[in-house]
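Peer 1: One-letter residues, chain by chain:
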Amino acid sequence: MALINKNNKLADVILDNPSIITVLNRFGIYLGVGDKTVEQVCSEKRLDTDFFLIILNTFANEEYFPEELLKNFDVKLIVDYLGSTNSYYKQFIIPNIENHFNLLLKRGDNSNTNLELLHSFFLEVKAELTGRINADSEVLFRNIMALDAPNQAVSNCPAPDYADSTSDTVEDKVNDLVNMFVIHLTGQYDTNLCLAVLSAIIGLKKDLCQNNRIRNRILMPIYHYLCSRNANG
Amino acid sequence: MADHSAIIITRDTLRAVGLKHILGNLFSIKAVIAKSLVEGFEQFDLVIVDEFNCLSHLDALIPQKNKTIILATGNADKYLSWHHIDCSDGEDGIVETIAAILKDLRQNNSVQSGLSTREIDVLRLVAQGMTNKEIADKLSISINTVLTHRKNISAKLGIKSVSGLCIYAMMNGIIH
Numbered sequence: 004m005a006l007i008n009k010n011n012k013l014a015d016v017i018l019d020n021p022s023i024i025t026v027l028n029r030f031g032i033y034l035g036v037g038d039k040t041v042e043q044v045c046s047e048k049r050l051d052t053d054f055f056l057i058i059l060n061t062f063a064n065e066e067y068f069p070e071e072l073l074k075n076f077d078v079k080l081i082v083d084y085l086g087s088t089n090s091y092y093k094q095f096i097i098p099n100i101e102n103h104f105n106l107l108l109k110r111g112d113n114s115n116t117n118l119e120l121l122h123s124f125f126l127e128v129k130a131e132l133t134g135r136i137n138a139d140s141e142v143l144f145r146n147i148m149a150l151d152a153p154n155q156a157v158s159n160c161p162a163p164d165y166a167d168s169t170s171d172t173v174e175d176k177v178n179d180l181v182n183m184f185v186i187h188l189t190g191q192y193d194t195n196l197c198l199a200v201l202s203a204i205i206g207l208k209k210d211l212c213q214n215n216r217i218r219n220r221i222l223m224p225i226y227h228y229l230c231s232r233n234a235n236g
Numbered sequence: 002m003a004d005h006s007a008i009i010i011t012r013d014t015l016r017a018v019g020l021k022h023i024l025g026n027l028f029s030i031k032a033v034i035a036k037s038l039v040e041g042f043e044q045f046d047l048v049i050v051d052e053f054n055c056l057s058h059l060d061a062l063i064p065q066k067n068k069t070i071i072l073a074t075g076n077a078d079k080y081l082s083w084h085h086i087d088c089s090d091g092e093d094g095i096v097e098t099i100a101a102i103l104k105d106l107r108q109n110n111s112v113q114s115g116l117s118t119r120e121i122d123v124l125r126l127v128a129q130g131m132t133n134k135e136i137a138d139k140l141s142i143s144i145n146t147v148l149t150h151r152k153n154i155s156a157k158l159g160i161k162s163v164s165g166l167c168i169y170a171m172m173n174g175i176i177h
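So the protein lines, in turn, are chains A and B.
According to the working numbering, the residues represented by the first sequence are 4 to 236, in order.
According to the working numbering, the residues represented by the second sequence are 2 to 177, in order.
No wet-lab data here; the hints were simulated from the structure.
Since we're looking at a predicted model, the values are computed, not measured.
You may find that some hints are simply not true.
Unchecked claim - Distance ranges between label pairs, derived from CB positions:
id, chain 1, residue 1, chain 2, residue 2, range
1, A, Glu119, B, His58, 18 to 24 angstroms
2, A, Asn28, B, Asp138, 51 to 57 angstroms
3, B, Ile63, A, Leu126, 20 to 26 angstroms
4, A, Thr194, B, Ser6, 18 to 24 angstroms
5, B, Asp90, A, Leu188, 32 to 38 angstroms
6, A, Ser90, B, Glu135, 27 to 33 angstroms
Each residue gets a CB set at the ideal place from its N, CA and C atoms; glycine is no exception.
Using the sequences and the hints given, assemble the complete structure.
Peer 2: If you want it as structure tokens, here you go:
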């Protein structure tokens with residue numbers, strides 16, 4: 004797939020990759036983009052065009068991940084983007100899944116015990132994801148910005164515990180939730196509502212996967228570097 | 002169904018002993034007898050229960066519906082959506098009914114999950130929160146064998162997390 008470049012019309016980019024609409028929202032870009040190019044939109048919104056293009060391409064192409072290029076950007080750009088992504092999960096994606104799930108259960112008069120079990124699993128995933136988002140905002144992002152500021156020292160650099168590869172990650176659990184719907188769901192349910200719930204969870208799965216690459220492979224190494232620089236004075 | 006286990010829950014000792022004899026001699030199923038629903042009953046591959054116990058413990062039995070057989074006496078029509086044996090049938094009729102139910106259960110289990118009996122044992126213990134070491138000790142197998150079973154279970158079910166496996170086990174009556 005050809006990479007998106009600054010001369011592409013943003014409308015064409017959206018029509019080719021509709022799923023990036025949710026990413027555009029995080030940069031303050033909404034539908035009704037007219038016939039402006041990516042570069043023109045970035046200029047109007049005062050966005051860093053190169054960073055914007057890398058994020059769009061990373062999201063649109065699973066194989067594309069320019070690790071070294073991303074590490075060269077101002078860390079504030081990365082933190083701001085991940086922060087707005089987390090807000091998007093908390094304010095839109097999670098409530099959207101929850102609302103549809105509640106309707107799905109209500110429509111079936113809570114008679115499908117499998118759906119109730121899947122709902123309890125979703126609530127566990129939600130609690131874990133929300134916990135991670137809060138920890139990101141309150142600890143990780145704040146520490147990184149403090150460490151990156153000139154002449155600033157941070158007294159301690161707590162290692163985030165959620166990067167532990169031996170425990171089940173939120174990403175694993177979201178993936179499990181999708182598979183449980185697709186492979187193991189039985190009993191009666193409202194087809195349309197069930198599809199709405201599943202589509203929303205699949206959207207979250209894709210988003211988490213793309214953003215965890217940026218978070219775990221770009222931001223975390225920067226964080227560890229800043230921590231060791233801070234420790235060595 | 003060789004090497005499978007059953008629990009017969011009834012206050013009618015004579016009926017329980019007769020059924021245990023049929024299951025053991027004709028179907029190689031080891032059965033234990035209980036007067037009423039006991040803790041851990043869901044760990045058995047088959048739960049055979051009389052009408053009194055069924056009605057008294059319906060909430061606990063519904064999640065195990067796939068592997069529950071009700072012992073009815075005449076008027077068995079009300080149990081149409083459950084596996085049931087009409088105890089007033091002749092000897093041949095009862096044996097035929099049990100054979101048909103076992104065949105049905107075997108097909109359902111294999112279609113539902115494709116898990117082997119041993120993998121279901123491991124899954125049950127994982128879902129109960131046991132560590133790999135505890136599972137190995139409980140089943141008298143090595144930790145490496147437990148890990149292999151877990152890997153196969155995840156590949157067959159498409160579920161990696163312990164919480165996900167636990168939910169799957171509840172959905173399929175493997176744990177309560």
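Peer 1: None of the hints should be skipped; say for each whether it holds.
Peer 2: Now for the hints, and whether the structure bears them out:
Checking the proposed 18 to 24 angstroms range against Glu119/A and His58/B shows it holds: the Cβ atoms sit about 20 angstroms from each other. Remark: the range hint 51 to 57 angstroms for Asn28/A to Asp138/B is upheld by a beta-carbon distance near 52 angstroms. Between Ile63/B and Leu126/A the beta carbon distance is about 22 angstroms. The supplied range of 20 to 26 angstroms therefore holds. In this structure the hint that Thr194/A and Ser6/B lie 18 to 24 angstroms apart at CB is violated, the actual value being about 38 angstroms.
At roughly 36 angstroms, the beta-carbon separation of Asp90/B and Leu188/A lies within the given 32 to 38 angstroms, and the hint holds. Range check, Ser90/A to Glu135/B: Cβ separation about 42 angstroms, and the 27 to 33 angstroms hint is violated.
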